[in-house]
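**Student:** Full structure from sequences and hints, please.
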Amino acid sequence: MKATKLLATAALWALCSTAAFADTTIEFIQWWEPEMPAGALRGIMDDFEKANPGIKVTLVSGPYATTRDQIVVGAASGTLSDVVGLDGAWVNGLAKQGAIASMDPLMANAKYDAGQIADIVKVDGNSVMFPLASFVYPVFVNLDLAKAAGVDKIPGTRTEFADAAKKMTDAARNQYGWVLPLSLQNPGGIQNDVMSWTWASGGSMLKDGKPDLENESVVGTLEYIKSLHDAGVISPGIFAKKEQDKVEEFVNGRVGMMVDSLAHINLIRERNPKLNFGIAALPAVDGYTGKRGLPYASWGIGISEGSKHKEEAWKLVEYLMSPDVNGRLVSIANAFPGNVNAKPDFSTSDPLFEEAFAIFQSGHLANEFVGLPVAEELMRQMGIEVQKMFDGSETAKEAAANAQKQWLTKF
Amino acid sequence: MSSVVQGLAVQPAKKRSSGLLTYRTRKRLVPYFYIAPATLLFSVLMLFPMIMVFRYSLMDGAIMKKDAAFVGFQNYLTIFRDAIFWQAFGQTLYFTVMSVVFHFLIGLAFALLLNTQRIDPAVRSLLRVLYILPWLFTAVIIAIIWRLLLDPNGVVNSVLMALHIVDFKVEWFSSTATALHALTFANIWAGYPLYMVSLLAGLQGISKELYEAAGIDGANELQKFWYITIPQLMPIIISIALLDFIWTMQVFPLVWMTTGGGPIYSTEVLSTYTYKLAFSQYEFSLASASAIIILVISMSVTYFYIKHQKGR
Chain A
1 MKATKLLATA
11 ALWALCSTAA
21 FADTTIEFIQ
31 WWEPEMPAGA
41 LRGIMDDFEK
51 ANPGIKVTLV
61 SGPYATTRDQ
71 IVVGAASGTL
81 SDVVGLDGAW
91 VNGLAKQGAI
101 ASMDPLMANA
111 KYDAGQIADI
121 VKVDGNSVMF
131 PLASFVYPVF
141 VNLDLAKAAG
151 VDKIPGTRTE
161 FADAAKKMTD
171 AARNQYGWVL
181 PLSLQNPGGI
191 QNDVMSWTWA
201 SGGSMLKDGK
211 PDLENESVVG
221 TLEYIKSLHD
231 AGVISPGIFA
241 KKEQDKVEEF
251 VNGRVGMMVD
261 SLAHINLIRE
271 RNPKLNFGIA
281 ALPAVDGYTG
291 KRGLPYASWG
301 IGISEGSKHK
311 EEAWKLVEYL
321 MSPDVNGRLV
331 SIANAFPGNV
341 NAKPDFSTSD
351 PLFEEAFAIF
361 QSGHLANEFV
371 GLPVAEELMR
381 QMGIEVQKMF
391 DGSETAKEAA
401 ANAQKQWLTK
411 F
Chain B
1001 MSSVVQGLAV
1011 QPAKKRSSGL
1021 LTYRTRKRLV
1031 PYFYIAPATL
1041 LFSVLMLFPM
1051 IMVFRYSLMD
1061 GAIMKKDAAF
1071 VGFQNYLTIF
1081 RDAIFWQAFG
1091 QTLYFTVMSV
1101 VFHFLIGLAF
1111 ALLLNTQRID
1121 PAVRSLLRVL
1131 YILPWLFTAV
1141 IIAIIWRLLL
1151 DPNGVVNSVL
1161 MALHIVDFKV
1171 EWFSSTATAL
1181 HALTFANIWA
1191 GYPLYMVSLL
1201 AGLQGISKEL
1211 YEAAGIDGAN
1221 ELQKFWYITI
1231 PQLMPIIISI
1241 ALLDFIWTMQ
1251 VFPLVWMTTG
1261 GGPIYSTEVL
1271 STYTYKLAFS
1281 QYEFSLASAS
1291 AIIILVISMS
1301 VTYFYIKHQK
1311 GR
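Going line by line, the protein sequences match chains A and B.
All residue numbers for the first sequence refer to the working numbering, where the first residue is 1 and numbers rise by one.
All residue numbers for the second sequence refer to the working numbering, where the first residue is 1001 and numbers rise by one.
Incorrect hints may appear among the rest.
[Unchecked claim] Here are the computed lysine to any residue pairs in the SDA-like style, where the Cα-Cα straight-line distance is at most 20 Å:
#, chain 1, residue 1, chain 2, residue 2
1, A, K242, B, F1252
2, A, K343, A, P34
3, A, K226, B, T1176
4, A, K242, B, M1257
5, A, K405, B, Y1265
6, B, K1065, A, D69
7, B, K1169, A, D170
8, A, K410, B, A1278
9, A, K96, B, M1064
10, A, K410, B, G1061
11, A, K405, B, Q1281
12, A, K210, B, Q1281
13, A, K226, B, I1264
14, B, K1065, A, G78
15, A, K242, B, M1064
16, B, K1169, A, Q175
17, B, K1169, A, D230
These aren't lab readings, by the way, just hints derived from the structure by calculation.
**Tutor:** Here is the structure:
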C-alpha cells in the first residue's frame, strides 16, 4: 500500500515537474508596479499568462532610482531581465552598449503593424523602445489663489503667465507665483520645468540630431525664466529643490503655479482635498499659433539583447501594447496610451483627466531628451549653467553657449 | 569544520604516513583551515571587487565597450587634470576635517557632561538618550530633517529672523556661499554620538586616584583635565578620529540627498564626483580610477590607524 502511494506521489511529482520545466519564465524589470495600485500590474501579467500558456512572467519591481541602477548593473554584467522598463533618458546609453535589442526583426517576424504605436524611439535607426504610457506635464494653477490675486484667466502666453505669477506673489506671506526645482541630484527640472517652455512654443534644442542650444528659442526661454527669477516670483531655494518639494509647495498653497506630471493629480487630491486647482497647456510665446509641444515622461518598454527568450519577451511587449490592454493599463496609471487605437476609460478618474486628454489631443508630445546620449548628464550640465545664470555669473547667452560646448563632447 | 580539524589532529599513529599528506603537513595546515572561511569571504566580497575596479581603471570604456582597451594610467591623468576633481578633493578635505574636529569637541563636551556627578542620575539618563538620538537615524532621515529645518521657509530661518540675527531668508542648501557649511553642520550633528559614547566609556575607566593625587599636589580643574583626562583618553581619541576620518571622507547618502553636489559644484565631494562619473556619465573607467584614488587615501589613513593600534 505504502509502495503504491509512494509510486503515485512520484508519478505526480514527475508530471508536475515536467509541466513546470515546459514553461518558459521571463523576467520583467520595471519601476511601475509600486506606482500602480497593489496587484494591478500582477493582474495584467496573470491575464497574459492565461492568454499565453507556457509563458510565466516574473516581475522585478522597485523604485525608479533603484531600478535604474539595477538596469545599469544588469546591462554591464549581462544579466539584464528579458523585458525592460525604460526611461527615454537611458535608452541611448543602453542601446549603444548593446544591452537592449532592436525590435525591428521581432516586429517583422510577427508582421506587426507599427503604425499603431504612438511613438517609436530609435537609436541608430533601430527601434529600441515603445512608450507604453505617457505622463504629460501641463501647468497646474491654484484657482483660489489666482482668484484672490485678481487673476481671472488661466495664463495661455508667457506674458500672461509672468503677470499672473507677479500678482500671486506675496513674499511676506511666503506665497509665490511659480516654483522651479533645479536640484542637481535629479536634474529632471531642466527637462520638465525649463526646456518644456521651448517645446511648448514649437522651439527645439536640437538641429539634425545635434545640440543647438544657442538658437533664439532656447536663449529666449532662459532669458524668460531669468526674468521671472529677477522679478522674485519663484519660490526660494531653487537650487536644492526637487520635484517632490515642488508638489509639496503647490499642495500647501504656497505657490500659485507649477509645471507638473498629470500622474500627481490623485496625490494632490489626497494631500489637500480642499485645493481648488485647474490645468492648462504650457504657455507659449506671445503670438504663437502652432501646436503646443507637451512635455512628457513615459514608461517605455524594450527587450534585452542578452535575453534567451526574445520571442516570448516580444509576446509580452505586443500584449502590453495591444489597444485593449494598453487602454486598461493607462486607465489604471492615469496616463495616456502608447497605442493610438487604445481608448482609456476616464469614467472613474478625476474630471481633470478628461480635460488633460483634450489638451493632449490638441497638442503633440515633445521631449527632446528621449534617446539622447547620457541624457541625465546633459540635463545636469545645463542645470549647472542655469544655476550660474541665476547666480549672476553668466548671461542667458553665455549659459546656452557653455552648455552647448559641453553637450557637443557627448555626441 | 571542527570535525575535519579534529579528524586531522587525532589520526592514529599507524596511519600517519598513509594518504597524500604526512601527519606533520596536515597538522601544519590546520590553522589555514581555521582562517579559510574568513579568507574566502574577504577574497570574494572585497579583494575580487577591488581588483576588478583597479582593472577597469586601467581600461578605456570599461563595461560600456565590448572591446575595451588597456590604456595604463591614462584615466588617472584625466582625473588629475579635471579642475572639478580638485575642487571636490578640497571640499572633501574641508568637510572631513571640520566634521572630525567638531565631532570630537562636541562628543567630548557631552561625555564630560554625562560623566559629571553634579547632575541628577535620572536627568543624566534622559540626556544620554537624547544626545545619542542623531546616531540612531539613518542618512535618509537625517537628510530629510535638515532639508526641512534649513528650508528658506524652515524653522532655522524663522528662529534667526525672530531673534533679528538675519533679516532675510537664508537659502542654506541652495546658495553657493552657505551650502558646504550647512552640509558639514548636518554631518557634525549626525556623527558626534560615536565620540560621546566612546569617550564616556573612556572617562569612566580613568582611575579616581589620579585626580585625588593631582588635587593633593594643588592642580586645578583645568590642569587635571589637560594633564590627566586628555592623556588618558588619547588612545581612544586617536583611534576614533582616524576611523571617523576614513568614514567621513566617503560619506555619500547625506550629500546626495541634500544637495546632490550643488549648487553648481559647491558641495561636490569625491563620493558624489565618482557616482556621477559612473551612473550619470557611464564613464566607468574614470569612475573606477576616482574610486581607486579614494581607496588609496583611505588606506594611507588606515596605515596610521594600524600603526597606532600596534603601538598600543
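**Student:** Between A/K242 and B/M1064, does the CA-CA distance stay at or below 20 Å?
**Tutor:** 30 Å, violated
**Student:** Given the hint that A/K343 pairs with A/P34, does the C-alpha gap stay at or below 20 Å?
**Tutor:** 24 Å, violated
**Student:** Take a quick look at whether A/K410 and B/A1278 sit within 20 Å of each other, Cα to Cα.
**Tutor:** Holds: A/K410 and B/A1278 sit about 15 Å apart, inside 20 Å.
**Student:** Between B/K1065 and A/G78, does the CA-CA distance stay at or below 20 Å?
**Tutor:** Holds, at about 13 Å.
**Student:** So if I understand the rule, the pair passes when the alpha-carbon distance is 20 Å or less; does A/K96 with B/M1064 pass?
**Tutor:** 8 Å, holds
**Student:** A/K226 and B/I1264 were given as a pair; does the straight-line alpha-carbon distance stay at or below 20 Å?
**Tutor:** 16 Å, holds
**Student:** Sort out whether B/Q1281 lies within 20 Å of A/K210, counting only the CA atoms.
**Tutor:** Holds - the C-alpha atoms of B/Q1281 and A/K210 are around 18 Å apart, at most 20 Å.
**Student:** Given the proposed pairing of B/K1169 with A/D230, does the C-alpha separation stay at or below 20 Å?
**Tutor:** The given pair, whose Cα atoms are some 16 Å apart, holds under the 20 Å limit.
**Student:** Does B/Q1281 sit within 20 Å of A/K405, going by the straight-line distance between their CA atoms?
**Tutor:** 16 Å, holds
**Student:** Run the distance test for B/K1169 versus A/D170: straight-line Cα separation, threshold 20 Å.
**Tutor:** 14 Å, holds
**Student:** Under the criterion that the straight-line Cα-Cα distance not exceed 20 Å, is the pair B/K1169, A/Q175 satisfied?
**Tutor:** Between B/K1169 and A/Q175 the Cα gap is close to 13 Å, so the pair holds against 20 Å.
**Student:** Are the Cα positions of A/K242 and B/F1252 separated by 20 Å at most?
**Tutor:** 18 Å, holds
Hints 2, 15, counting from the list given before, are not met by this structure.
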